[in-house]
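Peer 1: Below are the chains, spelled out letter by letter.
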Amino acid sequence: MNILVCLKQILDPEVPARDFRVDAARREAEQGSANLVTNIFCENALETALQLRERAGGATITVLSYGRPTAEDSLRKALAMKADAAALVLDEGEGTPDPLNVARVLAAAIKRLGAFDLVMTGREAGDWGAGQTGGLLAEELGLPCVSFVDGIEVEGGRLRLRRQTDTGWELFEATPPVVVTVTNDEHNVPRIPKVRDVMMSYRQPLTKLTPADLGLAADGNDYYEVAELSIPQKETRCDFAGGDTLDEKVEAFARHVVEVTRGM
Amino acid sequence: MNDVLIILFAANGFDKGAQGLAGAGRRLAGESGGSLRAVVLGEGAETLAQEVARVADAVVVADQAELSEYQPETYLNALAQVCRESKPRAVLLGNDTYSQELTPRLAHRLGGSAAGDGVEVRVDGDALRVGRQVYGGKAHAVLELKKSPAVVWLRARSFAPAAPRETSGDVTRAALDIQADTRTRVVERRREAGGESRLEEARVIVSGGRGIGGPEGFETELRPLAELLGAQLAASRAACDAGWVPPTWQVGQTGKKVTPELYLAVAITGASQHMAGISEAKTIAAINTDPDAPIFKHSRFGIVEDYRKVVPLLREKLKRVLGAGF
Ligand SMILES: Cc1cc2nc3c(=O)[nH]c(=O)nc-3n(C[C@H](O)[C@H](O)[C@H](O)COP(=O)(O)OP(=O)(O)OC[C@H]3O[C@@H](n4cnc5c(N)ncnc54)[C@H](O)[C@@H]3O)c2cc1C
Ligand SMILES: Nc1ncnc2c1ncn2[C@@H]1O[C@H](COP(=O)(O)O)[C@@H](O)[C@H]1O
Numbered sequence: 001m002n003i004l005v006c007l008k009q010i011l012d013p014e015v016p017a018r019d020f021r022v023d024a025a026r027r028e029a030e031q032g033s034a035n036l037v038t039n040i041f042c043e044n045a046l047e048t049a050l051q052l053r054e055r056a057g058g059a060t061i062t063v064l065s066y067g068r069p070t071a072e073d074s075l076r077k078a079l080a081m082k083a084d085a086a087a088l089v090l091d092e093g094e095g096t097p098d099p100l101n102v103a104r105v106l107a108a109a110i111k112r113l114g115a116f117d118l119v120m121t122g123r124e125a126g127d128w129g130a131g132q133t134g135g136l137l138a139e140e141l142g143l144p145c146v147s148f149v150d151g152i153e154v155e156g157g158r159l160r161l162r163r164q165t166d167t168g169w170e171l172f173e174a175t176p177p178v179v180v181t182v183t184n185d186e187h188n189v190p191r192i193p194k195v196r197d198v199m200m201s202y203r204q205p206l207t208k209l210t211p212a213d214l215g216l217a218a219d220g221n222d223y224y225e226v227a228e229l230s231i232p233q234k235e236t237r238c239d240f241a242g243g244d245t246l247d248e249k250v251e252a253f254a255r256h257v258v259e260v261t262r263g264m
Numbered sequence: 001m002n003d004v005l006i007i008l009f010a011a012n013g014f015d016k017g018a019q020g021l022a023g024a025g026r027r028l029a030g031e032s033g034g035s036l037r038a039v040v041l042g043e044g045a046e047t048l049a050q051e052v053a054r055v056a057d058a059v060v061v062a063d064q065a066e067l068s069e070y071q072p073e074t075y076l077n078a079l080a081q082v083c084r085e086s087k088p089r090a091v092l093l094g095n096d097t098y099s100q101e102l103t104p105r106l107a108h109r110l111g112g113s114a115a116g117d118g119v120e121v122r123v124d125g126d127a128l129r130v131g132r133q134v135y136g137g138k139a140h141a142v143l144e145l146k147k148s149p150a151v152v153w154l155r156a157r158s159f160a161p162a163a164p165r166e167t168s169g170d171v172t173r174a175a176l177d178i179q180a181d182t183r184t185r186v187v188e189r190r191r192e193a194g195g196e197s198r199l200e201e202a203r204v205i206v207s208g209g210r211g212i213g214g215p216e217g218f219e220t221e222l223r224p225l226a227e228l229l230g231a232q233l234a235a236s237r238a239a240c241d242a243g244w245v246p247p248t249w250q251v252g253q254t255g256k257k258v259t260p261e262l263y264l265a266v267a268i269t270g271a272s273q274h275m276a277g278i279s280e281a282k283t284i285a286a287i288n289t290d291p292d293a294p295i296f297k298h299s300r301f302g303i304v305e306d307y308r309k310v311v312p313l314l315r316e317k318l319k320r321v322l323g324a325g326f
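For the protein sequence lines, the chains are S and A, in the order given. The numbering of the first sequence is the working numbering, which starts it at 1 and goes up by one. The numbering of the second sequence is the working numbering, which starts it at 1 and goes up by one.
None of these hints come from the bench; they were simulated from the model. There's no promise every hint is true.
Covered stretches of chain A (chain S as the covering partner; in silico rule of three or more C-beta atoms under 8 Å from a C-beta of chain S) [claimed, not checked]: (1) 134-148; (2) 179-190; (3) 231-244; (4) 290-300.
Subject to a maximum C-alpha distance of 20 Å in a straight line, what follows is the list of computed DMTMM-like cross-link-like pairs (lysine to aspartate or glutamate) [unchecked claim]: (5) A:Lys297 / S:Asp19; (6) A:Lys146 / S:Glu259; (7) A:Lys282 / S:Glu259; (8) S:Lys194 / S:Asp73; (9) S:Lys234 / A:Glu280; (10) A:Lys147 / S:Asp73.
For glycine and all other residues, C-beta sits at the position ideal for the given N, C-alpha and C.
Kindly generate the complete structure, drawing on both the sequences and the hints.
Peer 2: The structure is reproduced here in structure tokens:
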């Protein structure tokens with residue numbers, strides 16, 4: 001089985017709100033001292049693929065990213081986690097490409113890289129949180145799509161996909177090729193690569209392409225544009241339960257709870 | 001065409017989300033000078049359609065056998081057909097799983113632009129603008145959707161419902177040519193225990209984080225507290241990822257967006273992605289050992305103590321104050 005996992009490198013979403021700044025004029029986030037990391041749901045997707053390979057007794061996993069040169073680090077980390085091959089399409093444009101542009105580039109790259117039974121993305125990226133690339137990619141590739149998947153089994157030539165819903169879960173049967181978007185769950189918490197494997201990954205081959213190599217022109221954002229970006233100011237003053245003993249503190253806290261619930 | 005089309009699933013009924021969606025649709029239709037239309041899909045669509053007709057100008061029922069239950073490829077085909085026929089300027093959906101899944105693909109099929117998780121939507125000249133949280137709730141962005149139609153899923157519960165009209169809109173049945181697409185097929189559906197009373201509708205929520213330390217804490221401490229308060233239980237992503245509680249309990253950017261009167265966060269840091277799910281909570285309160293935990297910056301009241309000491313005592317006191325009747 002041939003699996004392709006799309007990885008996006010983003011600004012570390014764990015940056016606390018107090019350290020987060022935006023450039024309102026350019027409508028971009030400022031990196032400041034924050035690290036660049038692989039989006040967590042992409043790592044959940046890769047982890048799901050790695051486990052699938054282990055259980056199915058073999059599969060080839062290719063990781064793909066469209067991004068700045070720094071995105072190479074995300075791909076190297078994926079190789080250290082034991083993906084088999086990696087490809088980077090270099091984003092040489094200005095600003096952030098919109099989801100349709102990203103999907104077009106990824107679709108063209110996927111067609112170039114080979115034939116895949118399973119194309120995986122994260123459910124959404126922790127920066128802009130668009131949650132669109134997987135669905136748009138499926139349309140660009142003319143494939144069906146299942147979202148919010150948290151488990152995959154191979155059965156004969158078919159796939160069994162478990163996906164989360166608002167109220168529980170659904171089990172799908174799918175005939176490859178299919179696109180899935182992956183969400184987090186207790187079983188796909190990404191493994192931590194060994195330091196040695198991280199070092200080794202820098203010696204592995206990595207395919208580099210540009211949109212031009214794929215026959216795509218950089219024609220700007222024709223899907224959507226960020227018109228405004230701002231940081232909302234919202235802080236509440238917290239009334240901390242005081243008192244000399246635990247009992248007094250809990251008493252004060254309980255009084256607040258009663259007040260709120262009685263007023264409902 | 002300046003019409004606005006809302007998409008509803010019969011299985012959810014005319015809940016708070018559907019009502020908010022109709023409200024958002026009505027205001028947008030007013031701004032763009034078009035009418036408000038609705039399409040209702042799935043078994044039982046006829047009943048819901050009659051309710052929706054009280055607030056919409058026209059309702060299309062799509063309940064033929066192939067659409068009796070949700071299958072993504074088949075529903076997508078059906079919706080693309082309905083939209084091509086009625087040529088709306090905007091298509092609005094709610095924030096349920098199916099709406100989120102369908103939105104970008106439907107936009108692509110119609111040659112339009114999509115956005116998700118909208119908290120405001122308005123007409124601006126030729127463009128449609130959608131306000132939403134980005135960067136895990138740390139920033140707010142306004143997106144300008146360039147292609148038409150705009151296909152947008154909204155945090156539907158945050159929008160005021162539409163006022164009923166004097167005369168009900170027309171209800172018609174869609175004549176769709178649907179080929180069942182069997183490349184993917186839902187073969188089993190399960191509801192998690194507790195999924196019946198939906199977290200989104202809860203008035204009081206007791207929520208636990210990684211600091212709870214394991215599934216036992218949820219069972220022996222938080223559950224009895226929730227029962228006492230008539231509250232629903234919820235959790236942070238860290239607690240869900242640890243497998244202590246089901247993923248349906250997750251609140252936040254990628255979990256449920258809740259709107260309770262009281263949200264009691266127990267051993268939860270209050271990361272921006274968690275707060276993104278409770279921005280509409282009326283009162284937030286927190287129990288946390290760390291006085292500098294960001295959750296306190298959003299809380300009306302709080303207590304800096306180990307929850308294992310606080311919760312048993314709190315239950316005792318609440319029992320006494322609230323009486324057996326509560
Ligand atoms: C793209 C993206 C999407 C995300 N979506 C979500 C989402 O939808 N929902 C969500 O919740 N998170 C989400 N997250 C994760 C989020 O960033 C945080 O990592 C997560 O919310 C942390 O959970 P926590 O507060 O339970 O755990 P921790 O950060 O580990 O905090 C535990 C807290 O418990 C306190 N504590 C420990 N022991 C005790 C005790 N005995 N008594 C009292 N207090 C104690 C600690 O002081 C600490 O504040 C997302 C992240 C990303 C990148
Ligand atoms: N530039 C990119 N390169 C590779 N994969 C991407 C890129 N952008 C988005 N994706 C994939 O699409 C998912 C959802 O991203 P988004 O639609 O931006 O929220 C991510 O988790 C990735 O798997």
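Peer 1: Please go over all the hints and tell whether each is borne out by the structure.
Peer 2: Hint check:
1. 134-148: Holds, because 13 residues of the stretch 134-148 of chain A bring their Cβ atoms closer than 8 Å to Cβ atoms of chain S.
2. 179-190: Holds: 10 residues of the stretch 179-190 of chain A have a Cβ under 8 Å from chain S.
3. 231-244: Result for this restraint: holds, n = 5.
4. 290-300: holds (count 7)
5. A:Lys297 / S:Asp19: The given pair, whose Cα atoms are some 15 Å apart, holds under the 20 Å limit.
6. A:Lys146 / S:Glu259: violated (48 Å)
7. A:Lys282 / S:Glu259: At roughly 13 Å apart (the allowed maximum being 20 Å), Glu259 of chain S and Lys282 of chain A satisfy the hint.
8. S:Lys194 / S:Asp73: This hinted pair holds, its Cα atoms lying about 15 Å apart.
9. S:Lys234 / A:Glu280: holds (12 Å)
10. A:Lys147 / S:Asp73: violated (34 Å)
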